[in-house]
Amino acid sequence: MAAASPSPSEQAARVFELYGLAPSFEIDLRDLEDRLRQASLAWHPDRFALQGEAARLEAEDKMAEFNDAFPLLRDPARRAELLLNWLGVAPTQGTDAEADPAFLMAMMELREEAEAARTQLAQDAAPAQQFIQRMQQAEAELLERFHAAFAELPEEARAGAGTAEAANQDPPHPQLAALRRLFYELRYHQRSREQLQDALRHDGTQIP
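According to the working numbering, the residues represented by the sequence shown are -3 to 204, in order.
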């Protein structure tokens, strides 16, 4: 019988484990880069050239694993999603079903504002540039809130994190649900900004 595929929680734990890090939002990026360089030296396929094809291919796979994991840890938003996976409350691709009407209304207004700025690009790029700057500031603030909320999670909210048992918490611990809602809000701001940045790039306008 084939082994069961690892759960999202187990996969997330593996990313941190690969780099020798405890699951945390706070990561020293310079240290992370140093760890990648050390892995590049240790697992460079040329070092295994005399050990046979199987050893060389294993080294290639190991180095690919390090390279794939690196951006997940380096980028704060992707790191936040990784931590949610580790906690067993992986976000879905849609809108948070638990979102309150006020949040949904705010996101709808945000989308309308972004669309209005996009339609004005031919005449005036300033509204789009200002919107992008506001989104960048909002994203930074949401990441700070996520960082603080993650650090304050009680032990019972972290129970089973990194294991198959962490998946499919229904309903999730209230503080985990709140943490996931912060991520949904972050993702919405990020997507609104990126879509407008793409429009500016296509228009040849300077991007903030």
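Hints listed in this document are in silico derivations from the structure and should not be mistaken for laboratory results.
This one's a predicted model, so the numbers in the text were calculated from it and none came from an experiment.
Backbone N, C-alpha and C define an ideal beta-carbon position, used for all residues, glycine too.
Take the hints with a grain of salt, since some may be wrong.
[To be verified] With a straight-line cut-off of 20 Å between C-alpha atoms, the simulated DMTMM-like cross-links for lysine to aspartate or glutamate are:
no., residue 1, residue 2
1, Lys58, Asp42
2, Lys58, Asp30
3, Lys58, Glu13
4, Lys58, Glu22
5, Lys58, Glu6
[What the hints assert, rightly or not] Here are the in silico distance ranges between beta carbons for each label pair:
no., residue 1, residue 2, range
6, Ser36, Ala0, 39 to 45 Å
7, Glu148, Leu37, 50 to 56 Å
8, Leu37, Ala136, 30 to 36 Å
9, Arg107, Asp30, 17 to 23 Å
10, Ala50, Glu109, 20 to 26 Å
11, Ser1, Glu190, 28 to 34 Å
12, Asp194, Pro97, 43 to 49 Å
13, Gln132, Ser20, 48 to 54 Å
14, Ala0, Lys58, 18 to 24 Å
Hints, verified against the model:
With a CA separation close to 13 Å, the supplied pair Lys58 and Asp42 stays within the 20 Å bound. Pair hint Lys58 plus Asp30 holds up; C-alpha atoms about 17 Å apart against a cutoff of 20 Å. Between Lys58 and Glu13 the alpha-carbon distance is near 13 Å, which keeps this suggested pair within the 20 Å criterion. For a cut-off of 20 Å, the pair hint linking Lys58 to Glu22 is broken: about 25 Å separates their Cα positions.
For a cut-off of 20 Å, the pair hint linking Lys58 to Glu6 stands: about 17 Å separates their Cα positions. Between Ser36 and Ala0 the beta carbon distance is about 32 Å. The supplied range of 39 to 45 Å is therefore violated. Our hint of 50 to 56 Å for Glu148 and Leu37 is violated, since their Cβ atoms are close to 38 Å apart. For the pair Leu37 and Ala136, the supplied restraint of 30 to 36 Å holds, since their beta-carbon distance comes to about 34 Å.
A beta carbon spacing of about 41 Å between Arg107 and Asp30 contradicts the range 17 to 23 Å that was offered as a hint. Distance hint for Ala50 and Glu109: a CB-CB separation of about 56 Å, inconsistent with the stated range 20 to 26 Å. The hinted range of 28 to 34 Å is satisfied by Ser1 and Glu190, whose Cβ atoms lie roughly 30 Å apart. The supplied range of 43 to 49 Å is broken by Asp194 and Pro97, whose beta-carbon atoms lie about 30 Å from each other.
Between Gln132 and Ser20 the CB atoms are about 24 Å apart, so this pair departs from the stated range of 48 to 54 Å. Take Ala0 and Lys58: their Cβ atoms lie about 22 Å apart, and the range 18 to 24 Å holds.
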